[in-house]
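Undergrad: Below, each chain spelled out in residue letters.
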Amino acid sequence: MSTETNVNNTPDEEPTCSNLSKNNKKGLLNWLKGHKLSTLRRFVLIAVVVFFLLQFLRVKIAVGSLTGSLAIWFVNLLDVFAYLESIFASKDFGLIALLSALPILVVYLIFGRSFCGWVCPMDYIFHVADRIRKCKIFDFKISPNYGYIIPLVFLAVSFAVGIPVFTNYFSHLTNFFRSLTGAYFFFMDLPVAVDVIIFSFAVIGFLIILELIFPRMWCRLICPVGRVYGLFNKVSRLKLMITDNDLCKGCKACDRACYMGVKVSDYVKNGDKIIRDSNCIFCGRCIEACNTKSKIIKMNLSLK
Amino acid sequence: MEFDRRDFLKLSLTAGAASALSGAISVFDNDANAAANKEGFEPLPNINIGGIIRPPGALPEKEFRAKCISCGVCVNVCHTMKYDTLSIAGLSDLKNFGLPYVKDTRDFPCALCMECLKSCPTGALQPVKKEDVKMGMALIDLSICFGWNGDVCLSCSKACPMGATIFDFYNGEWGNQPMINDKCVGCGLCAKFCPLGGSAIKIITRDEYKKVKDNYLADFKKTMNMTNEERYNLVYGVNLPLIMSRGRIIEREYRD
Ligand code: SF4
Ligand code: SF4
Ligand code: SF4
Ligand code: SF4
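If you read the sequences in order, they're chains A and B. The opening residue of the first sequence carries number 1 in our numbering; numbering runs sequentially from there. The opening residue of the second sequence carries number 305 in our numbering; numbering runs sequentially from there.
Warning: the hint list may mix true and false statements.
Derived DSS-like pairs: lysine-lysine, alpha-carbon spacing no greater than 25 Å straight-line [to be verified]:
(1) B:Lys366 / A:Lys91
(2) B:Lys399 / A:Lys91
(3) B:Lys433 / B:Lys366
(4) A:Lys91 / B:Lys438
(5) A:Lys91 / B:Lys422
(6) A:Lys293 / A:Lys249
Just so you know, the hints here were simulated from the structure itself, not pulled from any lab data. Here the structure is a predicted model, which means the values were calculated and not measured.
Turn these sequences into a full structure, and let the hints guide you.
TA: So this is what it looks like as structure tokens:
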């Protein structure tokens with residue numbers, strides 16, 4: 001098929017980290033053309049982080065962190081897993097918390113797990129970490145379904161000790177934004193404990209080291225926030241569709257491009273028309289990687 | 305050369321990993337109320353703060369810890385309001401880690417703008433009316449307060465957002481003798497604006513107040529019922545030297 005563009009990995013190439021980012025060398029403009037979704041994704045992420053940084057200039061577009069925030073001056077938002085932990089820890093239904101979590105619930109009923117690919121700052125941090133790692137792509141042996149244990153364990157522990165354990169101590173989101181706030185307060189001479197800053201940076205540092213050893217293990221297996229959002233993928237309005245299964249060349253470029261270890265090509269081979277994988281973060285890398293000219297994988301947002 | 309610990313930490317954080325380590329060591333002397341407990345300089349040294357002063361509208365301690373997810377909205381909202389009252393608690397008390405608290409009202413009192421509790425997404429801070437806020441309780445140290453030692457000073461009552469409902473004055477020849485009653489919300493504005501060096505007012509938790517209330521009121525009654533001579537000896541013999549040693553402070557900075 002010489003008419004097909006060869007923007008991406010050829011099937012026989014060894015899937016290593018270095019040839020995943022090889023396309024960059026072909027010029028920025030070409031890269032942008034082939035990576036519209038990735039570019040858009042970066043813009044969304046940067047916009048979100050910039051909005052959160054604006055809180056230090058006293059602009060309340062996004063205040064707090066991605067676990068709980070105040071958006072556009074008056075809307076309270078609460079992450080769904082943080083809500084669950086909070087009600088488990090307090091053994092109280094929590095009307096205020098529910099009202100804050102509802103808008104987020106609606107967003108995930110529409111967009112599924114896209115938070116992980118489009119908004120979560122760890123996605124970009126991990127992406128940068130991936131670039132300095134010279135290694136084979138980590139082939140995942142443990143089924144991501146074991147990941148369901150982790151949110152359950154954290155909910156049980158939260159219930160037992162009466163503190164939202166994951167969100168308070170270990171959450172990448174809490175610690176990312178806490179380290180920003182802490183560092184800013186520190187340099188502005190505002191009251192802040194130094195150990196808060198050190199702890200928060202340490203957690204992020206630990207996750208980066210984890211990423212260097214086991215790429216995306218955090219996202220695929222451990223992160224309870226993503227796991228809970230993954231459940232929404234089964235019903236979300238946003239989904240991946242396969243337009244023409246027969247056009248697939250079996251090159252598995254999509255599988256290799258996928259951060260999350262989704263076996264996209266298996267869905268194509270099985271004749272599925274729709275991919276509702278709980279690990280899909282709607283990053284669109286499989287679409288960009290697809291070697292068919294018309295891109296048989298499509299992102300689809302519709303009411304049906 | 306005097307080396308301020310804060311400057312030192314700032315330097316070390318900028319200097320990078322090696323000196324950041326020395327910052328990590330100082331973690332262990334980072335007490336939540338370090339500033340307030342600066343030895344010999346705080347009012348009522350015999351009375352403990354008794355825990356942690358939470359933001360206004362906070363649920364009782366246990367429920368608060370269960371609900372709060374450490375999202376930092378309240379802390380940052382307080383910053384956007386330019387009050388900077390709230391801080392994030394450190395590792396010294398693990399149960400408390402990451403939760404918001406009022407570090408030292410002598411530096412940053414709560415202005416009762418009521419923004420943080422409106423913004424809390426979890427309901428750990430409940431929306432309440434200003435009058436119903438119960439962050440803590442302000443106690444005047446009678447031994448160093450100007451108003452109790454032959455002077456007339458209205459600074460605290462003028463700073464208090466609740467004003468007349470909270471302050472009682474026992475005017476006499478030993479001063480205008482202010483007292484704070486139970487309606488105090490604990491915002492700490494009085495402590496901030498007390499002109500005495502180190503402030504003559506201490507904010508303690510409501511729980512602690514329940515414990516020390518009787519003793520404190522007994523002290524108050526004793527001072528009120530003193531004979532003129534006893535009072536003279538107390539004021540000139542004990543209290544004024546204390547006051548002189550602290551001085552009047554116009555530019556205040558109690559943070560360490
Ligand atoms: S399946 Fe595609 S969109 Fe989903 S995570 Fe993998 S590469 Fe991204
Ligand atoms: S009421 Fe206002 S000043 Fe007081 S802690 Fe909350 S945000 Fe800060
Ligand atoms: S806004 Fe509420 S949940 Fe968030 S840190 Fe403050 S008290 Fe906790
Ligand atoms: S007495 Fe002090 S702490 Fe109490 S409400 Fe008035 S200013 Fe606030």
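Undergrad: Holds or violated: A:Lys91 and B:Lys438, Cα atoms, limit 25 Å.
TA: At roughly 24 Å apart (the allowed maximum being 25 Å), B:Lys438 and A:Lys91 satisfy the hint.
Undergrad: B:Lys433 and B:Lys366: Cα distance at most 25 Å?
TA: holds (22 Å)
Undergrad: Is it true that the CA of A:Lys91 sits at most 25 Å from the CA of B:Lys422?
TA: Measuring from Cα to Cα gives roughly 22 Å; hence the hint holds.
Undergrad: Just to be careful, I want the Cα atoms of B:Lys366 and A:Lys91 compared with a cutoff of 25 Å; is the pair within it?
TA: Within the cut-off at roughly 12 Å; holds.
Undergrad: Take a quick look at whether B:Lys399 and A:Lys91 sit within 25 Å of each other, Cα to Cα.
TA: Between B:Lys399 and A:Lys91 the Cα gap is close to 17 Å, so the pair holds against 25 Å.
Undergrad: Given the hinted pair A:Lys293 and A:Lys249, is their Cα-Cα distance within 25 Å?
TA: Since the Cα atoms of A:Lys293 and A:Lys249 sit roughly 11 Å apart, the hinted pair holds (cutoff 25 Å).
Every hint from the earlier list agrees with this structure, and none is contradicted.
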